[in-house]
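Peer 1: Chain by chain, the residues:
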Amino acid sequence: MKLVTAIIKPHHLEQVKEELYKAEVNLITVSEVLGHGRQKGVTEVYRGFKETGNLLRKIRIEIAVNDNFVEPTIKAIIKGAKTGKTGDGKIFVVDLAECVRIRTEERGGEAIG
Amino acid sequence: MKVSRLVALCCVLVLSSAGLCFAAQSPPAPKIDSGDTAWVLMSAALVMLMTPGLAFFYGGLVRRKNYLSVLMQCFIVLAALSIQWVLLGYSLSFAPGTSWIGGLQWIGLKGVGFEPYPSYSATIPHQAFMIFQAMFAVITPALIIGAFAERMKFSAFLIFTILWATFVYDPVAHWIWGVGGWLREMGAMDFAGGAVVHINAGIAALVAAVMIGKRKCFDKHSVPPHSLPFSVLGAGLLWFGWFGFNAGSALGANALAVNAFVVTHTAGAAAALTWAIIDWKFNGAPTMLGTISGAIAGLATITPAAGYVGIISAIFIGVVASILCFAAVSFLKHKFRYDDSLDAFGIHGIGGIWGTLATGLFASKAINPAGANGLLFGNPKQFLIQLITVAVTAGYALIATYILYKIVDWAVGIRVNEDDEAIGLDLTQHNEHAYTILD
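Keeping their order, the protein sequence lines are chains A and B.
If you count by this note's numbering, then the first sequence holds residues 1 to 113, one letter each, in order.
If you count by this note's numbering, then the second sequence holds residues 1 to 439, one letter each, in order.
Okay, chain A solo, but in the shape it has when bound:
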C-alpha cells in the first residue's frame, strides 16, 4: 500500500479528477494549501501579480492505493496537471503502514478499495 500525495495548481483540479476517474481511482481527499517550490513563487507571478510572502495557492490531493494502482494514479495526475511550465507541482509516494475502514474494521488492501 502506498500513499500518493500530489500538490497541483488549483485550476487543474477538475482535469486531474477527471483523469483519476478514467483510471478508476475513485477515492480522493482534497485540501487547499499554500506553498512554493524552488522558484520561491517568484517565477509564477501572473502578469506582474505579487503574492504576499510568495506563498502560492495550491491544491493537495491525497490518495491511498494498493501497489498495482500506484502507476495508473501517478499517470492520471500527470495527465491532468502537466503544462510543462514552472509551478505544475509535485507528486510524493510513501509507504503506507496500515489502512482501516472504520465502518467494517477491515484492514489493509481490503480497506483501501
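Everything labelled a hint here was simulated from the structure, so no lab data went into it.
All figures in this text were calculated on a predicted structure; none of them were measured in a lab.
Among the clues, some could well be false.
[As the list claims (entries may be wrong)] Under the rule of at most 30 Å between Cα atoms (straight-line distance), these lysine-lysine pairs were calculated in the DSBU-like manner:
{"id": "1", "chain 1": "B", "residue 1": "Lys333", "chain 2": "A", "residue 2": "Lys90"}
{"id": "2", "chain 1": "B", "residue 1": "Lys220", "chain 2": "B", "residue 2": "Lys333"}
{"id": "3", "chain 1": "A", "residue 1": "Lys82", "chain 2": "A", "residue 2": "Lys2"}
{"id": "4", "chain 1": "A", "residue 1": "Lys9", "chain 2": "B", "residue 2": "Lys335"}
{"id": "5", "chain 1": "B", "residue 1": "Lys381", "chain 2": "A", "residue 2": "Lys17"}
{"id": "6", "chain 1": "A", "residue 1": "Lys82", "chain 2": "B", "residue 2": "Lys333"}
{"id": "7", "chain 1": "A", "residue 1": "Lys90", "chain 2": "A", "residue 2": "Lys9"}
[As the list claims (entries may be wrong)] Short, incomplete list of chain B residues facing chain A, as computed with Cβ under 8 Å:
{"id": "8", "residue": "Leu41"}
{"id": "9", "residue": "Cys217"}
{"id": "10", "residue": "Ile423"}
{"id": "11", "residue": "Ala434"}
{"id": "12", "residue": "Ile437"}
All C-beta atoms in this analysis are idealised placements derived from N, C-alpha and C, irrespective of residue type, glycine included.
For chain A, the structure is supplied; the task is to place chain B on it using the hints.
Peer 2: Same frame as chain A, now just chain B:
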C-alpha cells in the same frame, strides 16, 4: 344637517368649477414642493444602493475566484454610466426630440437646471428628476452581468456596457418615457421600468449568454454559489432600494407613491413565498436561493404595474411571477442549454414581460386616474398596447444587442481565454483575490 350638506355640496361645486375654469385658462405655474423633492432625492439614493446590492446578489452566486470581477463590473457601471448619463445619456433619453430619440440640447446637462420641467414633474427641480433617472440608467446594464458572469473580458465589458447604454437603453427609455416618445404617445404604461429596465436588460442578457457561450464547466457539473449569505444581503438591499425605484417613480410624496410602495412590497412578498413553496414541492426543500430569487422576480414584475394596480392584483402578479420565472430557470434554461449564469433573463426578462402584460390586465383608473384601465377593467385596447410595447422592446433589444456584441467581439474579443477562465477573473482581470487563506 340637510342644509349643511347642501351648503357643502354647493361649495364643492363652486370650487371645482372655479378650478375647471382656471385649468381651462392656463396650467398652474410649476412650483417646487419640498416634500416631493425630498422624496425623489431620497429615492435616487435608494436606487443607487441597488447596484451595489445587485453586486452582492450576483457576487454570492459565482465561484470565489470570480467574486471580485462581478463586484467590480457592477461598481464600474455605477461610475462609468453616471458620467455617460450627465454628458449624453440624459439628453438622448429625455430631451425633446423626435419620437425615436431625444435631442442633443441637454448634452452635459445644458439647460437642465433647478426649475421644474413640468412635462416630467411640475413639483421638483429638473435636476432631481435627472439624477433619479441616472440611477435607472446605471442598474439596467448592470443586470445583464448575470448572463455572462465568470467569462467576460473586463475591457470588452466596459466598452459593451457604454455602447449598450447609449444605443439600447437611451432610445428605449425615450420611446416609453421621453416627451414625444412613440410608445408613450401610443399610451404604453410602464410605471417604473418593466419594459425599459427589465425586458430590455433581460433580452440583452439572453442574447449575450447565447453568444458568449457556456462556461467551460457548465455541461460537466453544477456551479455552486460561493456564498449564499452575500446573495441574501444583496437581495435585502435590492428589496430596500426597490421602494425608491417604484414608489420614487411617483415623482412626489403622495398617495400614488404610497400605492406603489405597498404593492411593490406585497408583490415581492407573495413571490418570495410562492418560490419557496414551489421549491419545497419540486426540490424537496425550501431553499434560501429560491426564496430570494422569488423576491427579486416579484419585485421586477410589479415594477411596470406599481403605479396602476391595487393590492389583490399585486398578490396575483407576484404569485404568477414566481411560477413563470421558476419555469424559465428550471426548465427552459436546461432544455435549450444556454448558460444564463445567474438567470438575468430567467428572472428579469420573464418577470419584465409578465409585469408589462399584467399592467395591461390589472391597471385601474381607481388607483391612478392619470393612467388607463386594463383588460379586466373593460379596456382590452390597453392590453394590446402593452403587448406591442413588450414585442417592440424585446425585438429591439435582441437585434441591437446582437449587433453591439458582434462589434465589441470584433474590436477587442469578448471572452477571456481558457486559462484565464480556469484561473478566475479576479486574478486575471483585476490582479486581486477576494479572500486570503492565512491572514
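Peer 1: Return the numbers of the hints above that this structure violates; sort them in rising order.
Peer 2: 1, 4, 5, 6, 8, 11
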